[in-house]
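The listed protein sequences derive, respectively, from chains R and P. Numbering of the first sequence is given in the working numbering, commencing with residue 1 and proceeding in unit increments. Numbering of the second sequence is given in the working numbering, commencing with residue 1001 and proceeding in unit increments.
Misleading hints may appear alongside valid ones.
[Claimed, not checked] Distance condition first, Cα-Cα at most 30 Å in a straight line; then the derived BS3-like pairs of lysine-lysine:
#  : chain 1 : residue 1 : chain 2 : residue 2
1  : R       : 106       : R       : 75
2  : P       : 1129      : R       : 258
3  : P       : 1129      : R       : 278
4  : P       : 1129      : R       : 395
5  : R       : 172       : R       : 258
6  : R       : 96        : R       : 350
7  : R       : 271       : P       : 1129
8  : R       : 402       : R       : 271
9  : R       : 39        : R       : 362
10 : R       : 231       : P       : 1129
11 : R       : 106       : R       : 130
12 : R       : 171       : R       : 417
13 : R       : 209       : R       : 417
14 : R       : 350       : R       : 171
15 : P       : 1129      : R       : 390
16 : R       : 278       : R       : 231
17 : R       : 103       : R       : 350
[To be verified] Per the computed footprint, the stretches of chain P lying under chain R, defined by three or more beta-carbons under 8 Å from a beta-carbon of chain R, are:
#  : region
18 : 1004-1011
19 : 1116-1122
20 : 1126-1137
21 : 1212-1220
These are computed hints drawn from the structure, not numbers from a lab. Model, not experiment: these values are computed from the prediction. Heads up, the beta-carbon is just placed ideally off N, CA and C, and yes, glycines get one too.
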Amino acid sequence: MTSKFTISRRDFLSTTAAATVMAGVSMPKIAFGADDVVKIGFLAPLTGEVAAWGKPGLDGCQIWADWVNADGGVKIGDKAYKVEFVPYDDEYDPSKARTGAVKLIKEVGVKFVMMLGGDPWPGAAPIAEKEQMLFSTLLPSDLSPETTLLVAPCEVHPIYNVTGVEWLAEKKPELKTAVICAQDDSLGKPSVATYLAAFEAAGIEVLGKPIFFDPATTDFAPIMSKMLALKPDIVCLDTCYADYVHPLVEQAFQQGFKGQMISCTADFYQKMVEKTSKEFMEGFVFQFPDFDDPALNAEHVNFRKPNDFYAEFVKRFGAGEWSAVSWEYASIMDLWADAAGRAGTTEPVKVLEAMQVGGTGKQAFGEADWWGKELFGIDNALVGLWPVVKITDGKARIQEFKSIPAWWDKHKDLLIKHMTALDQMYFQRG
Amino acid sequence: MTPELFFQTVINATYAASYMALIAVGFVLIFGVMGVVNFAHGELYMAGAYTVVALYADQGFPFFLAVAAGLVFVGVLGLLMEFALFRPLRDNPLGGLIASIGFLLILQTIAVLGFGVRMENVPPSTQDKIVFLNGVVLTYQRLYVIVAAIGLLTALWLFLRKSKFGWALRACAQDREAAALQGMSINNTARLAMFIGAALAGVAGALTAPLVSPTPFMGHPVVVAAFIIIIVGGLGSLEGAVLVSILYAFVHTFVTTLYDGTLANIVGLLLMLAVLIVKPTGLFGAKERA
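The shape of chain R in the complex, shown without the other chains (with noise of 0.2 Å):
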């Protein structure tokens, strides 16, 4: 006996179809609809010289989305939203932040804006204002009593150079004089005023004024036979952008210097390994540390599996690829994701007050506290460890996490008398 039930090969792709888009909607975990979308906005420089502390950033939040998407995104109130990125490059300026904020919020509709900061902060300032919007930068120096919608959860540069210096002076009590350049900059000055602050309570003697170059300058010769000519034994190169580190270093390695190197960041270090030499290098003194280093995985470090996050990162851009702040719009990613889940909301001011609730908060590197209000006028500021990290053999490495608060109590009138006399304070900034 035959069945009469016969299916054509028609039915049976339309079906099959149909039951692949019912078990492709109904998977729990990775599904999302249309409205369960949480939109943040990046809001940093992806081309030009700045580009190197916006675009790996950018890169590193895709691996925190698609990490956190998989495992089936943030929790808000009784919802799941899946996290979505969308850029916007300022290209370092103003009047592009401004254009940006305003599309980002207005036409986009994100709920959250993380910028660089810096000098075009400036621009979207207003627009925060406005449409109230709570923006993180990664430059405390943008904080002021105004800008009560704006956070530094991250890193808050300049301060956390002091830890590379107070680490060296402990090491290395040898080193008695130091030479500073930096680029003429809202980036270069404040993290001058820390360095010489740094300096004179480590007891190192800074020769010379700290000089300040135009940031279209190409050829670093002249600057750095200018510095060397004062025969210092610690070079400082401040926070210079990476191209003018790397052709510095290598003026440095040419004009024969043999000393000691500090910089705030040493981005993309193993090309001046290359350029320069293994020995040269050695000692090499900065602040970002790659994350694969074995020392991120301590209790006190927030940041999730750091090591499998650099794996990942080098699998998808290259070791290469990797920056100072390949994680750190990632970790602010943490704190606000964090803050939302207990506000249950995304809704800008309440996302800020659960993020500042009791005045503490889990910045990357450990606990840490909401401060500033006596450097910057506002407490928005999240400080706590930060790692002094050391070129050896060619590789990056955490030396010690050393404690921001524990210097500034010892040695905050420094900082203030030297963000003062370069007008860096808070109420002298235009």
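Given chain R, work out where chain P should sit, using these hints.
Same frame as chain R, but now just chain P:
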């Protein structure tokens, strides 16, 4: 200023004068023969640097082969510009200028798409250096630029003074129509001027690539300096371009070393302003360009 710092600054300035002279002479040559201010000249310099990035840093070809390729490649780019942009707009200098701005943006975009926005790492071809007394240093990498500039500019001078093609170029620079009436091909001399002018910028970029960390936007500050040099030297004056490159590089480098770079830029601009007031045709410029 200590004697060591003085001599190191002289070496730094000599290097700066060398690559600026290559760029400025190319710029002047194009302006003199074609009557066009080539705003894309800085990007030709950038294209030379990226040729070295592609061939030497990425593919491992010998450095000097990559430099030679940069010279030829950018020279050919110049021919392309002459054919596609400047020839159709020969009687419209403003049109040529605007077309060169467009080409500048195209070259920048190609570099961004091909290599990304970030600086490129070009390892030095050698880490050898000459150490003079008291630690004054001249690296071979910088010496190559100085030697190449002297060699190429001397060759260009001989070419312009001693060869028939050189005479034709100079004749066209003085009076294009009169030269045409004498049977000289305007198209051929324009092609030659563009090739040589672009190639000089290209070779400057190629030779300095290991010293400057190339980016797609590296041409901008260079072309600003080249403008100052050719205005001070006199539009159309090759000798003026060379001598003012030396003057500008020494003034800029010494002021940078003694004071700072921003002041050096201001001094450069003041120098240009002073020359424009006292001698508007430039230090070596003719009263009226033919």
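Would you list, in rising numerical order, the hints stated earlier that this structure does not obey? 14
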